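Residue numbers (this note's numbering), protein chains in the order written: chain W, 216 to 483; chain V, 216 to 483; chain H, 4 to 307; chain F, 4 to 307.
Treat each hint with caution, since some may be false.
[Said to hold, decoys possible] Distance windows between CB atoms, simulated:
| # | chain 1 | residue 1 | chain 2 | residue 2 | range |
| --- | --- | --- | --- | --- | --- |
| 1 | W | N242 | H | L254 | 14 to 22 Å |
| 2 | V | D443 | H | I152 | 43 to 51 Å |
| 3 | H | A103 | V | N242 | 41 to 49 Å |
Derived from the structure by calculation, the hints contain no laboratory data.
This structure is a prediction, so every number in the text was calculated from the model and none was measured.
The C-beta atom is built at its ideal place from N, Cα and C for all residues, glycine as well.
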Amino acid sequence: MEKNYAKPGEYTTLELMAVCGARAIKNGEVVFVGTGLPMIAAMLAKRTHAPRARIVYEAGFIDSNAIDIALSIADSRLGYRASAAIGLIETLGLLLQGGRVDVGFVGAAQIDEYGNINTTYIGDFEHPTVRLPGSGGGNDIVSSAKRIVIIMTHERRKMVKKLDYLTSPGFLTGPGAREKAGLLGGGPSLVVTNLCQMDFDPETKRIRLATIHPGVTLQQIMENTGFDLIIPEHVPATEPPTYEELAILRAIDPYGIYIPRPAQTSSS
Amino acid sequence: MEKNYAKPGEYTTLELMAVCGARAIKNGEVVFVGTGLPMIAAMLAKRTHAPRARIVYEAGFIDSNAIDIALSIADSRLGYRASAAIGLIETLGLLLQGGRVDVGFVGAAQIDEYGNINTTYIGDFEHPTVRLPGSGGGNDIVSSAKRIVIIMTHERRKMVKKLDYLTSPGFLTGPGAREKAGLLGGGPSLVVTNLCQMDFDPETKRIRLATIHPGVTLQQIMENTGFDLIIPEHVPATEPPTYEELAILRAIDPYGIYIPRPAQTSSS
Amino acid sequence: MLVEAPVEDKRITLKEAAKLIPDGAHLFWGGFGFQRPPMAFAHELVRQKKRNLTIYTCGSEMDIDILAGAYVASRFELAFFAIEGIGLAPNIQRRIREGAVQIEDYTNLAMALRFLGGALGVPFMPLKSMLGTDLLTKKRFREKKAEVITCPFTGEKVVLVPSVRPDFSIVHVSRVDKEGNAQIDGIKGEDVEGARAGKKVIVLAEEIVDTEFIRSQPDQTAIPNIYVDYVVECPWGAYPMMVYNYYDYDLEHIRMYYQQCKTEEGWQKYCEEYITGVEDHMEFLKKIGFERLLKLRAKKPFPY
Amino acid sequence: MLVEAPVEDKRITLKEAAKLIPDGAHLFWGGFGFQRPPMAFAHELVRQKKRNLTIYTCGSEMDIDILAGAYVASRFELAFFAIEGIGLAPNIQRRIREGAVQIEDYTNLAMALRFLGGALGVPFMPLKSMLGTDLLTKKRFREKKAEVITCPFTGEKVVLVPSVRPDFSIVHVSRVDKEGNAQIDGIKGEDVEGARAGKKVIVLAEEIVDTEFIRSQPDQTAIPNIYVDYVVECPWGAYPMMVYNYYDYDLEHIRMYYQQCKTEEGWQKYCEEYITGVEDHMEFLKKIGFERLLKLRAKKPFPY
Numbered sequence: 216m217e218k219n220y221a222k223p224g225e226y227t228t229l230e231l232m233a234v235c236g237a238r239a240i241k242n243g244e245v246v247f248v249g250t251g252l253p254m255i256a257a258m259l260a261k262r263t264h265a266p267r268a269r270i271v272y273e274a275g276f277i278d279s280n281a282i283d284i285a286l287s288i289a290d291s292r293l294g295y296r297a298s299a300a301i302g303l304i305e306t307l308g309l310l311l312q313g314g315r316v317d318v319g320f321v322g323a324a325q326i327d328e329y330g331n332i333n334t335t336y337i338g339d340f341e342h343p344t345v346r347l348p349g350s351g352g353g354n355d356i357v358s359s360a361k362r363i364v365i366i367m368t369h370e371r372r373k374m375v376k377k378l379d380y381l382t383s384p385g386f387l388t389g390p391g392a393r394e395k396a397g398l399l400g401g402g403p404s405l406v407v408t409n410l411c412q413m414d415f416d417p418e419t420k421r422i423r424l425a426t427i428h429p430g431v432t433l434q435q436i437m438e439n440t441g442f443d444l445i446i447p448e449h450v451p452a453t454e455p456p457t458y459e460e461l462a463i464l465r466a467i468d469p470y471g472i473y474i475p476r477p478a479q480t481s482s483s
Numbered sequence: 216m217e218k219n220y221a222k223p224g225e226y227t228t229l230e231l232m233a234v235c236g237a238r239a240i241k242n243g244e245v246v247f248v249g250t251g252l253p254m255i256a257a258m259l260a261k262r263t264h265a266p267r268a269r270i271v272y273e274a275g276f277i278d279s280n281a282i283d284i285a286l287s288i289a290d291s292r293l294g295y296r297a298s299a300a301i302g303l304i305e306t307l308g309l310l311l312q313g314g315r316v317d318v319g320f321v322g323a324a325q326i327d328e329y330g331n332i333n334t335t336y337i338g339d340f341e342h343p344t345v346r347l348p349g350s351g352g353g354n355d356i357v358s359s360a361k362r363i364v365i366i367m368t369h370e371r372r373k374m375v376k377k378l379d380y381l382t383s384p385g386f387l388t389g390p391g392a393r394e395k396a397g398l399l400g401g402g403p404s405l406v407v408t409n410l411c412q413m414d415f416d417p418e419t420k421r422i423r424l425a426t427i428h429p430g431v432t433l434q435q436i437m438e439n440t441g442f443d444l445i446i447p448e449h450v451p452a453t454e455p456p457t458y459e460e461l462a463i464l465r466a467i468d469p470y471g472i473y474i475p476r477p478a479q480t481s482s483s
Numbered sequence: 004m005l006v007e008a009p010v011e012d013k014r015i016t017l018k019e020a021a022k023l024i025p026d027g028a029h030l031f032w033g034g035f036g037f038q039r040p041p042m043a044f045a046h047e048l049v050r051q052k053k054r055n056l057t058i059y060t061c062g063s064e065m066d067i068d069i070l071a072g073a074y075v076a077s078r079f080e081l082a083f084f085a086i087e088g089i090g091l092a093p094n095i096q097r098r099i100r101e102g103a104v105q106i107e108d109y110t111n112l113a114m115a116l117r118f119l120g121g122a123l124g125v126p127f128m129p130l131k132s133m134l135g136t137d138l139l140t141k142k143r144f145r146e147k148k149a150e151v152i153t154c155p156f157t158g159e160k161v162v163l164v165p166s167v168r169p170d171f172s173i174v175h176v177s178r179v180d181k182e183g184n185a186q187i188d189g190i191k192g193e194d195v196e197g198a199r200a201g202k203k204v205i206v207l208a209e210e211i212v213d214t215e216f217i218r219s220q221p222d223q224t225a226i227p228n229i230y231v232d233y234v235v236e237c238p239w240g241a242y243p244m245m246v247y248n249y250y251d252y253d254l255e256h257i258r259m260y261y262q263q264c265k266t267e268e269g270w271q272k273y274c275e276e277y278i279t280g281v282e283d284h285m286e287f288l289k290k291i292g293f294e295r296l297l298k299l300r301a302k303k304p305f306p307y
Numbered sequence: 004m005l006v007e008a009p010v011e012d013k014r015i016t017l018k019e020a021a022k023l024i025p026d027g028a029h030l031f032w033g034g035f036g037f038q039r040p041p042m043a044f045a046h047e048l049v050r051q052k053k054r055n056l057t058i059y060t061c062g063s064e065m066d067i068d069i070l071a072g073a074y075v076a077s078r079f080e081l082a083f084f085a086i087e088g089i090g091l092a093p094n095i096q097r098r099i100r101e102g103a104v105q106i107e108d109y110t111n112l113a114m115a116l117r118f119l120g121g122a123l124g125v126p127f128m129p130l131k132s133m134l135g136t137d138l139l140t141k142k143r144f145r146e147k148k149a150e151v152i153t154c155p156f157t158g159e160k161v162v163l164v165p166s167v168r169p170d171f172s173i174v175h176v177s178r179v180d181k182e183g184n185a186q187i188d189g190i191k192g193e194d195v196e197g198a199r200a201g202k203k204v205i206v207l208a209e210e211i212v213d214t215e216f217i218r219s220q221p222d223q224t225a226i227p228n229i230y231v232d233y234v235v236e237c238p239w240g241a242y243p244m245m246v247y248n249y250y251d252y253d254l255e256h257i258r259m260y261y262q263q264c265k266t267e268e269g270w271q272k273y274c275e276e277y278i279t280g281v282e283d284h285m286e287f288l289k290k291i292g293f294e295r296l297l298k299l300r301a302k303k304p305f306p307y
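Please take these sequences and the hints and turn them into a complete structure.
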């Protein structure tokens, strides 16, 4: 069956990012997500190609089938038709650290070229400029899930040579470093931004450009990246959302809580 | 109010032992017991002087108010009007090792003069004569409860100079040894047998005769004890059961599952 | 012949409960995210002008932002704080910049295990997070934050985090009997472990139920009476956050809080209007309004 | 537009479940004392002549005595075995004397924590039992049984016990849906931890229920589907032991077993009559008799 792709202007960048996130989930996988875009992405995946994906929220909701958008990972909305509602040690300890989570979604205030993540401080540790929310379960997820999808905004101050604080472990200093540190999980596998998708070079474990979003130039990406991005010879364009994906996406978040509707965001 | 004691011949030795066990429980205490005589003792205590005692069974029953006699510590009978029914880590870990159990009751196949207990092997470890049930939760209870009551039969082969196997820690090699080993609980405080009650000398931590059961001679006790028992100058007689205690006791175990009725055991 | 035990009555008022907390005390702080935070207790600590508390929690939000804003808490050991889905916690940000608040950072799993370790009576718990990161090495006020050891069985690296036994555990639950047997509907977050970690435990509940109701279904008890020292009846005690099966959050109020607290003046105004300016929790609820609260009630079969 | 997920069906028969276990496999063995032992599964392992299994459990009774008697299991890591309230486990005693069975001794807490450690993905768990005793030092077949370390935070002595991740976890529960979401009434013993420790998990249940029933009360789920590989409907699967809210034990049968198994001949006779001599679990139940089973049903409000 031929795919019926939406045209530029018919979808927003946030919608494209949610679709990219959803496509990173395979059917039957155990998916660890937080609130925001990852939640929308996981809900979209379950309603399209991955109906048997099981969504876990660290507060204790397991195999959630929420039909309403939640503001908090502890939101009662996430308990709707869940397999189980337990607690943090269940989700972060027994499921995640126990090796049963296939893919974890996290955000980042900064990442470096090895996919290491900062969600704690901006500025010097002794005299920080901004205090961010901290690890939460982020470090746990990135430490132990089989693979990690990072969703974030693509800005030069966020894609940095050196993190202000290393909250969650990417490939640390490069090949073998995770294993040497004693980490269980597979590390980051995909970075979805508003400009492109990036993966990791299997040899060097450094971030590599994977696909460029429609309408974005390579120049734009390089200007907004503070580290040396690996750029392969041929970089395909990101597959746009289909009309079906967009329709489902807009039904998931009808009030535009996480993804403002195109009409509301004509500037995007 | 004057106590109305039963006369010799009106109660059995097992009944006296159950009464001794019950009296070792104070009102409001958290009591860790197993099946058999300790269960009967705890049920008696709750129905007499210690109505607020809270009985914990390691299988997971907490603050049990059973009205029927159970055969197993996991017996559903123990769930009747309990505060909670959870599991082993709750009872042995969070309650007991967490420091919340006042008194634990255990049995013993052998004890030595420091109150160390064997419930694992009789004979040499490499070629044992009898394999006993093992620690179960016994070692956990004796390691971590604030004090321990041991209930057992008084025989020379059971009150030994040297254990065949040290399953549960009494005072180990004497004063300071429990602390040095890193143990949390207070150690044994009372031994109830069919001949007498014994406690522990605070200085030497060795077993000391406390009270002699009505009709038993010192000679009998010494003949049936394989280690040097500390015998104070004045050893009172064990306070006999009251008629009230006996009536309640017989109502608790009406079919004589753990305490055969006097009529059925005229030889005792 | 059966002598029935008189049921022990551990009920006290919210005011009495807060009075038990001395300045400088260490508290396990229950609830997770928007779910069952002891909001009414936070308000009462502010009213009683408590100072210099150390708060242990996994992830908390408006509740601990209020404790920081009112200078009630000066130290936190935690994994996360924000007004989730809305923005950074405004008061804590400001107090950190002032130097009035210090944060020792762990992960959610590390904190939950630290509570479990405290509850279990062991001095540490093992985990496989924090390895290779600044969480392991950068410290604020703890002398020892975490240690890496080599497993004597497998040779692998394992992080040990120190157990926590705070002076008090504060948890807000669905229902409790007057003896302290508590049920928690929905997710438990880290409250099961946290409620067992404290040296003294105060359970606040949406409602007090008869002990026979609890005892007719003992496998529903999340916190047995043995752990619990005090019980406080505290309906709508997590408002404007949520309680599973009871009520939804009041998003409008939370957003108003967030906007207003972006400035110190705004926070002072909020605090005066909703916390110090009202006599107690009931007056606070009356100020919010009965009609508004009723609209937030959970609509079956949904737990929200 | 909502595409509903087809419910995954993990149901297999008891025979198929037992066939999955290869000779020499390591098994977590669920149930505690007289409560919910996987008795029907033990029978089927005997019928299929499995050999050389290693069994991990806290305290088990007639179920593991049968596994030892029939030479199905040769090694046990456990804390306790007996026919509680009746006497020593007769077959295990005999097999130990023959040298056909070896026991590595731990405590109940140590075993439960070993399962928790395996489930948590850490190689050990800390505890404060076993200190100063032969449990720490005397070993049968494990190279490393337990290690004492000095706590890096407090300086106190702590025992580390090695985590267990057996090839299979076998648990018998109250009810389960065909996806593997399981509820357990009453006490859970060590089954919550044990069910999460196995590399493959087989859940046997008194009854299979619709997944919507499970999902209407997610806080009642003791074992979520993510952990579970196979589901077996197995009514009266713990007989002659008990299942909370379902049925009482058959004391007469247990006593008969105990008396008869005091001799090898008696055990062979029992095994032939009740296990190998019947085709399957249903034939076993028919042999016991419908009337006898009905009399054992739990009588509300009692769970027995």
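14 to 22 Å as the expected CB spacing between L254/H and N242/W, which holds or is violated: Distance hint for N242/W, L254/H is violated at roughly 34 Å.
Pairwise beta carbon distance, A103/H to N242/V, judged against the given window 41 to 49 Å: Given a distance of about 47 Å, which is inside 41 to 49 Å, the answer is holds.
Supplied distance hint 43 to 51 Å, evaluated on CB atoms of D443/V and I152/H: Because 44 Å falls inside the window, the suggested range holds.
This entry does not satisfy hint 1, going by the numbered hints stated previously; all others are met.
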